[in-house]
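Asks: Sequence:
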Amino acid sequence: MPGRVGDDGRKAHLEAYRKRLEEINDTPRLFFHAADDYGKDERLKPSVLALSGVQRNVDAARPLEGLVCRRQL
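Note that my numbering has the sequence shown beginning at 12, numbered continuously upward.
If you are wondering where the hints come from, they were derived from the structure by calculation, not from laboratory data.
Cβ coordinates follow ideal geometry from the N, Cα and C atoms, glycine included.
Take these hints with a grain of salt, some might be off.
Between beta-carbon pairs, the in silico distance windows are [stated by the list, open to error]:
{"#": "1", "residue 1": "N68", "residue 2": "H24", "range": "18 to 28 Å"}
{"#": "2", "residue 1": "A23", "residue 2": "G64", "range": "29 to 39 Å"}
{"#": "3", "residue 1": "D18", "residue 2": "L62", "range": "43 to 53 Å"}
{"#": "4", "residue 1": "V65", "residue 2": "A23", "range": "29 to 39 Å"}
Straight-line alpha carbon distances no greater than 25 Å define the calculated DMTMM-like cross-link-like pairs of lysine to aspartate or glutamate that follow [said to hold, decoys possible]:
{"#": "5", "residue 1": "K30", "residue 2": "D18"}
{"#": "6", "residue 1": "K22", "residue 2": "E33"}
{"#": "7", "residue 1": "K30", "residue 2": "D19"}
{"#": "8", "residue 1": "K22", "residue 2": "D37"}
{"#": "9", "residue 1": "K30", "residue 2": "D47"}
Make a model of the complete structure from these sequences and hints.
Replies: Structural data, given as structure tokens:
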């Protein structure tokens, strides 16, 4: 709680936040598929390979060949 950390705690939090903002451009970015990788149902198109840790290609029986990987590093 901000009211309970005291002046020294507040200064430490602000310093940590300042440092975080200074280094933000060096932080690895999260991967997101491009909007055109999704269909009208807001799911990945069948031809797009799921690349994030929370997505999956629904048809597990379908071979992965022919899937499109558009990931840019």
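Asks: So which of those numbered hints doesn't the model satisfy?
Replies: Hints 1, 9 not satisfied by this model.
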